[in-house]
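**Student:** The primary structure of each chain is shown beneath.
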Amino acid sequence: DAGVIQSPRHEVTEMGQEVTLRCKPISGHNSLFWYRQTMMRGLELLIYFNNNVPIDDSGMPEDRFSAKMPNASFSTLKIQPSEPRDSAVYFCASRRVAGGITDTQYFGPGTRLTVL
Amino acid sequence: TQLLEQSPQFLSIQEGENLTVYCNSSSVFSSLQWYRQEPGEGPVLLVTVVTGGEVKKLKRLTFQFGDARKDSSLHITAAQPGDTGLYLCAGSGNQFYFGTGTSLTVIP
Numbered sequence: 001d002a003g004v005i006q007s008p009r010h011e012v013t014e015m016g017q018e019v020t021l022r023c024k025p026i027s028g029h030n031s032l033f034w035y036r037q038t039m040m041r042g043l044e045l046l047i048y049f050n051n052n053v054p055i056d057d058s059g060m061p062e063d064r065f066s067a068k069m070p071n072a073s074f075s076t077l078k079i080q081p082s083e084p085r086d087s088a089v090y091f092c093a094s095r096r097v098a099g100g101i102t103d104t105q106y107f108g109p110g111t112r113l114t115v116l
Numbered sequence: 001t002q003l004l005e006q007s008p009q010f011l012s013i014q015e016g017e018n019l020t021v022y023c024n025s026s027s028v029f030s031s032l033q034w035y036r037q038e039p040g041e042g043p044v045l046l047v048t049v050v051t052g053g054e055v056k057k058l059k060r061l062t063f064q065f066g067d068a069r070k071d072s073s074l075h076i077t078a079a080q081p082g083d084t085g086l087y088l089c090a091g092s093g094n095q096f097y098f099g100t101g102t103s104l105t106v107i108p
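Protein chains in written order, with my numbering: chain R, 1 to 116; chain B, 1 to 108.
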């Protein structure tokens, strides 16, 4: 299996620019999560989707952040405009939930974002 | 405010030593998971504990879930350099919360 795929792996941009992070979950998984990891705050859940529908976006820091999942095999996390404090590693994870049973959450390799 | 506090935050030990990492919370969780993360990679699940008082063993790693399902511990026996990494606990309740992490370095 290919695992969770994220792109780009590294992104360096200037303050004020739009940034789009992409994620392809594992085929057959119906839940998708976006996390942000920093030294100061650790690993934080930003938003998660079940069956392409956003369930909880309370972790999204502010209106500059938005996430979409147009179909079961693709999701984006967009930051517009970006700020230096958004610099972090952003992880996407997916899992399968079926019949009341929740499988393991699998993480992608992450996107390291640096906003100058 | 972190819902799950891990201690210690950093740990550096010699190969062959034993260690314990703690994960504490004031909240009750329906399940608790332990992950290990290596540099440049995402966290990888080690174990899930569900029942209060549950103990699970994974080779040299022993995981325990507190009776009240608010805390957990990870004990590593005879640590090896390959155990080096960031260990994260995560609690599942209404939402999913990760702990503050413990960075372990095992020196050969």
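Each hint should be verified, as a subset may be incorrect.
Claimed, not checked - Label pairs and their calculated CB-CB ranges:
| no. | chain 1 | residue 1 | chain 2 | residue 2 | range |
| --- | --- | --- | --- | --- | --- |
| 1 | R | R112 | B | V44 | 32 to 42 Å |
| 2 | B | T20 | R | L116 | 40 to 50 Å |
| 3 | R | G28 | B | E41 | 15 to 25 Å |
| 4 | B | G40 | R | Q80 | 25 to 35 Å |
| 5 | B | I13 | R | N52 | 39 to 49 Å |
| 6 | B | E5 | R | G28 | 47 to 57 Å |
Claimed, not checked - Cβ-to-Cβ under 7 Å is the rule here; a few derived chain R residues that face chain B:
| no. | residue |
| --- | --- |
| 7 | A2 |
| 8 | G28 |
| 9 | G42 |
| 10 | F107 |
Unchecked claim - Sample of chain R residues lacking proximity to chain B, with all beta carbon distances greater than 12 Å (derived):
| no. | residue |
| --- | --- |
| 11 | M15 |
| 12 | R22 |
| 13 | F33 |
| 14 | R64 |
| 15 | P81 |
| 16 | E83 |
| 17 | R85 |
| 18 | T104 |
| 19 | P109 |
| 20 | R112 |
| 21 | V115 |
Rather than coming from a laboratory, the hints here were simulated on the basis of the structure.
Beta carbons are placed, not taken as given, at the ideal position from N, Cα and C, and that holds for glycine.
**Student:** Confirm or reject each hint.
**Tutor:** Results of checking the hints against the structure:
1. Take R:R112 and B:V44: their Cβ atoms lie about 18 Å apart, and the range 32 to 42 Å is violated.
2. Between B:T20 and R:L116 the C-beta distance comes to about 41 Å, which sits within the given range of 40 to 50 Å.
3. Remark: the range hint 15 to 25 Å for R:G28 to B:E41 is upheld by a beta-carbon distance near 22 Å.
4. Taking 25 to 35 Å as the suggested C-beta distance range, the pair B:G40 and R:Q80 conforms, at roughly 27 Å.
5. Between B:I13 and R:N52 the C-beta distance comes to about 45 Å, which sits within the given range of 39 to 49 Å.
6. Checking the proposed 47 to 57 Å range against B:E5 and R:G28 shows it is violated: the Cβ atoms sit about 35 Å from each other.
7. Nearest Cβ of chain B to the Cβ of R:A2: about 14 Å, over the 7 Å cut. The hint is violated.
8. Of the supplied interface hints, the one on R:G28 is violated, with its beta-carbon coming no nearer than about 17 Å to a beta-carbon of chain B, more than 7 Å.
9. Checking R:G42 against chain B: minimum C-beta separation of about 5 Å stays under 7 Å; hint holds.
10. For the restraint placing R:F107 at the interface with chain B, the shortest Cβ-Cβ distance is roughly 3 Å, inside the 7 Å limit, so the hint holds.
11. Every CB of chain B lies more than 12 Å from the CB of R:M15, the least distance being 25 Å, so the non-interface label holds.
12. The claim that R:R22 is not at the interface with chain B holds, since no C-beta of that chain comes within 12 Å of its own (minimum 15 Å).
13. At roughly 8 Å, the least C-beta separation between R:F33 and chain B is not larger than 12 Å, which violates its mark as non-interface.
14. At the 12 Å boundary, the C-beta of R:R64 stays outside the reach of chain B, the nearest C-beta of that chain being 22 Å off.
15. Annotated as non-interface, R:P81 keeps its C-beta farther than 12 Å from every C-beta of chain B; the closest such distance is 27 Å.
16. Distance check on R:E83: its Cβ is at least 23 Å (rounded) from any Cβ of chain B, clearing the 12 Å threshold; non-interface status holds.
17. Non-interface status of R:R85 relative to chain B is upheld: no Cβ of that chain comes within 12 Å, the nearest being about 19 Å off.
18. With 12 Å as the threshold on Cβ separation, the claim that R:T104 sits away from chain B is violated: the shortest Cβ distance comes to roughly 5 Å.
19. A Cβ of chain B approaches the Cβ of R:P109 within 12 Å, the least distance being about 6 Å, so the stated non-interface status is violated.
20. At roughly 8 Å, the least C-beta separation between R:R112 and chain B is not larger than 12 Å, which violates its mark as non-interface.
21. At roughly 20 Å from the closest C-beta of chain B, the C-beta of R:V115 stays outside 12 Å, upholding its exclusion from the interface.
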